[in-house]
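Enquirer: Sequence:
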Amino acid sequence: MALCAGRIVCRFCLLLMSDVATPRPAAAEPRASFVLVIHGGAGVISRAEMTPEKEAEYRRALEESLRAGSEVLQTNGMCLDAVIAAIKVLEDSPLFNAGRGAVLNSAGEVELDAAIMDGATRKAGAIAAVKHVRNPIELARRVMDKSPHVMLVVDGAEAFATEQGMALAPRD
1 MALCAGRIVC RFCLLLMSDV ATPRPAAAEP RASFVLVIHG GAGVISRAEM TPEKEAEYRR
61 ALEESLRAGS EVLQTNGMCL DAVIAAIKVL EDSPLFNAGR GAVLNSAGEV ELDAAIMDGA
121 TRKAGAIAAV KHVRNPIELA RRVMDKSPHV MLVVDGAEAF ATEQGMALAP RD
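For the sequence shown, counting from 1, position 51 maps to 51 in my numbering; every step adds exactly one.
Each hint should be verified, as a subset may be incorrect.
Each pair of labels, with its calculated beta carbon distance range [to be verified]:
| # | residue 1 | residue 2 | range |
| --- | --- | --- | --- |
| 1 | K123 | T75 | 22 to 32 Å |
| 2 | M50 | R122 | 37 to 47 Å |
| 3 | N76 | E109 | 36 to 46 Å |
Everything labelled a hint here was simulated from the structure, so no lab data went into it.
Beta carbons: idealized from backbone N, C-alpha and C, even for Gly.
With these hints in hand, go ahead and build the complete structure from the sequences.
Expert: Here's what the structure looks like:
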């Protein structure tokens with residue numbers, strides 16, 4: 001879940017709180033005050049498996065995610081865009097249970113879900129069980145912004161991704 005100035009907007013325990021919920025004119029001062037909190041997912045990594053090098057790798061990826069979201073907000077970007085930017089970093093990393101690093105289902109395949117909600121408009125978009133979408137969070141946003149639906153699943157979601165011109169990622 002993500003909160004943007006008290007409004008739920010996304011998944012991944014990503015938290016945005018500040019005055020960033022309202023759009024500002026281009027000439028406005030850059031936003032100086034906001035909080036961006038991310039959560040790298042659920043799961044257990046034993047201390048024995050966590051080497052200092054591996055921990056540094058995880059920390060670097062999390063910091064990159066924070067930087068991506070922060071850069072959007074620091075340049076007067078919208079909350080939803082900051083959420084997307086931060087989550088895409090996690091989806092593109094093999095370290096997290098999202099996108100590229102997703103845990104396989106019982107058939108040994110990748111199935112990805114994503115959801116996003118804009119508390120200001122109460123619009124939402126979600127996708128489920130897609131196997132070939134590189135960044136599911138972007139597809140969920142497109143469902144919210146460019147379709148009459150709230151949720152698309154499996155083949156329908158992937159067909160919509162293709163209609164939207166999104167590149168599909170091959171899965172091994």
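Enquirer: It remains to establish, for every hint, whether it holds in the given structure.
Expert: A quick look at each hint next to the structure:
no.	hint	in the structure
1	K123 / T75: 22 to 32 Å	24 Å, holds
2	M50 / R122: 37 to 47 Å	41 Å, holds
3	N76 / E109: 36 to 46 Å	41 Å, holds
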